[in-house]
Every structure is written in structure tokens, then in C-alpha cells.
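K.L.:
Each chain, written out:
Protein chains: 2
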Amino acid sequence: MADLDFFFFPGSTYTYLTVNRIERLAEEAGVSVCWRPYNLRAILLETGVVPFPPGTAKRRYMWIDIERRAASFAIPYAKEPRHPVDPTLISLRVAMVAAREGWCPEFTKAYYRAWFLDDRPAGLDNNMPGLLASLGRDPEDVLGKANEESFGATLDASADEARRIGLFGSPHFVVRGEVFWGDDRLEDALKMAMVGSAA
Amino acid sequence: MADLDFFFFPGSTYTYLTVNRIERLAEEAGVSVCWRPYNLRAILLETGVVPFPPGTAKRRYMWIDIERRAASFAIPYAKEPRHPVDPTLISLRVAMVAAREGWCPEFTKAYYRAWFLDDRPAGLDNNMPGLLASLGRDPEDVLGKANEESFGATLDASADEARRIGLFGSPHFVVRGEVFWGDDRLEDALKMAMVGSAA
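Protein chains in written order, with this note's numbering: chain A, 125 to 323; chain B, 125 to 323.
Chain A with its partners taken away, still in its complex shape (with noise of 0.2 Å):
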């Protein structure tokens, strides 16, 4: 078992910060991570929220502050992506083969290379192909398991798995049931994880 999940969603745009620090960050600190792609949009939907709406001041702000963020890390940042980029959940679905697979990491930290600063988002445009190859995976064998008409239990398990631990973003960290939201707060869980293991 690890020592702090890690729960996310392919298309949240704070999350690519933390997919380019939490590596780093929890090999000094010494905890493991398990990486967990979850059903967010289902929750958002039953509750109404929208976390960023087009053309409101809090949108704007977002871009600015994660460019800022960026910045402070010496994470690379082009500019403003295109958004929204997973609209058939393609995304999460792979991220989740991928996670039952053991190749998640990998595949996470390329889908947010080829969306922030290649341009190239993984749920459009046919991109995932390609994305898929390039990290020598069989796309016809990924998108086939991703595409099972039985997948759609596994995307509500992981709906039903979020509500039940009271998650409504991401990225979100859990230690010990103890759940933290937002980039921000990954150091805090870190060091919660640190003192749970020494103890």
C-alpha cells in the first residue's frame, strides 16, 4: 500500500504542476506514491460546479497563477493551452489502463507535455495514437481495453470510490483517509505521509 495517494484528472490544469513535482518531492521525502486517475467529471456534473467558467475573471486569474506557479518550480510553460481537451474521457480511461498496468506516471507526465507545451492534447484530434507510440505501446492494444464496454464500470467505481472519500477536485492527496486539495497542499501531505511512516 502506498503512503499517499495521489488522485487526479486528465484535463484539470493545476494538476500538470503537480505531475511535474510530486516525483521529486516525495522521492526526498521518502514516501510512496500510488497514482490514481479518477472519474472528477462525474462529480462536477451531479454537482453543478464549475471550477473554471469560460470568460469569468477567476479563468483568467487561473492561467496567470499557474504561470506563476510554473515559473517558481522552473516547470516549463509555453503558454495558455487549449481547453477543454478531454470531452469522450479518452484521457482518463488510458490514464487508468495505464494505472492498472503499472505505466501510469509515464504516461501521465507525456499526457501533460503533449497538451501544455507541444499542443498536441491527447483527447483531440486524434493525438493519442501517436502518444501512445511514442512511449511503445501498442495503441491499437491501449485504446482497445480503454474502449470495452465494460470500462464504464470501472469509471463509475471510480466515481463512487471519490464520494466516498469526499473528493471534489484535483489533484487531491490522501493519507491515511486524511484528504488535502489543490498543488498547493502537496507539501503538507508529504509531511503528513513522512510522519506516518516514521512512526
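No lab work stands behind these hints, which were simulated from the structure alone.
Hints may be right or wrong, so weigh each one.
It does not matter which identical chain is used: a pair holds within one copy or between any two.
Straight-line alpha carbon distances no greater than 25 Å define the calculated DMTMM-like cross-link-like pairs of lysine to aspartate or glutamate that follow [unchecked claim]: (1) 269 / 284; (2) 233 / 147; (3) 203 / 312; (4) 182 / 302; (5) 182 / 284; (6) 182 / 308.
Given the coordinates of chain A, assemble chain B onto it according to the supplied hints.
P.N.:
Leaving out everything else, chain B in the frame of chain A:
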């Protein structure tokens, strides 16, 4: 002119943390701060945003997060206080009178203490006169000013300015037109104000 404008709305929960931190941190940084209560409710109403909808996981999380943050800053915290607490905007009006007359920090700290620690929110149960009296202010005089008919224009002007700057929450920190949102960004905003004042 202050180095940093601290925009806030009485009734905002996270602002409790800022009110308890900003004076000491600003003094250490050598940054002057102007406390600027503003009509966030007008902004939220026109965008339809409910920051922490009752009954949701996000709202439950908010209180856990505030309690954790308060503990980490050694800020007193008793229990989840009553909410909402300013149905008639009387706390905002009085904060604006106080800002005009130079006692806004004093009022706002007392306002949050009464709300969070003493279960006497100033916007409810006619608690305001007692709060004002405890600060050595004449309740009749202050409430007379706060309830003047012309005060509506003051409320509207604060919302107009917020729209112009791009504010959508509380607390906000503004340094030379650059906007920061949330108690988490207080240190970043102060750092920016320091760089500017040293230049």
C-alpha cells in the same frame, strides 16, 4: 499609496487566516498594507458562483482545511462557526466605514474573533452594537453612517473596482495591478511588494 492592497469580504471563511497573519508578515517584510473591504457578494451573484455549496464534500473539506491551516499558523480555532453571517451586508458596510475612518484592521480582527471564537457573528442577532462598543466606537454613529441611503453607491463602486481589477474571491492581494487570490498566496504577494519597494 500602500505597497499591497488587501481586498476582502467579511463573511469569507479563509479570510480569517489572513486577518490573523497579514499584519505581522507585512511588518517583517517592510510592506505597507491597505485593508479594502469590497462587495464580493455582488460579484458572486452576477456570476452565479457559490464558492462552498452547503452539503458538499468541498464545503466539509473547507472547514477541515481551515482548521489544519490555523493549527499550522498557531491561530486560535474553536469549531466550525455559524454560516452565513452577514445576510444584510451590515458587516461589510461597517468595515467600509472603518476603512474610511482608519480603524478597519482593528474592526476586522474583532469581527473575525467574534465570529470564529465567540459565536457572536456581527451580522446576526444584533451583535454589532456590542462589538462596536467594545472597540470604543459609538454604535449609533457608526451604524447611522453604514445605513445611510447613499451608502449603496459606495457598495456599487467597490464592486465596479473589483470587476475592473479582476477580483472574484476573498482574500485578494493586489500589488502594482498584479492579482493574487487566497490566503495561500499572501507570502508570494508580499515578496512581490518587497521587490518593488526595493527597486
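K.L.:
Each hint should be assessed against the structure and marked as holding or not.
P.N.:
These are the hints, each one checked on the structure:
1. 269 / 284: within (21 Å within a copy, 53 Å between copies)
2. 233 / 147: within (11 Å within a copy, 40 Å between copies)
3. 203 / 312: For residue 203 and residue 312, only the inter-copy Cα distance (21 Å) is at most 25 Å; the intra-copy one is 29 Å.
4. 182 / 302: between (28 Å within a copy, 14 Å between copies)
5. 182 / 284: between (29 Å within a copy, 16 Å between copies)
6. 182 / 308: both (17 Å within a copy, 16 Å between copies)
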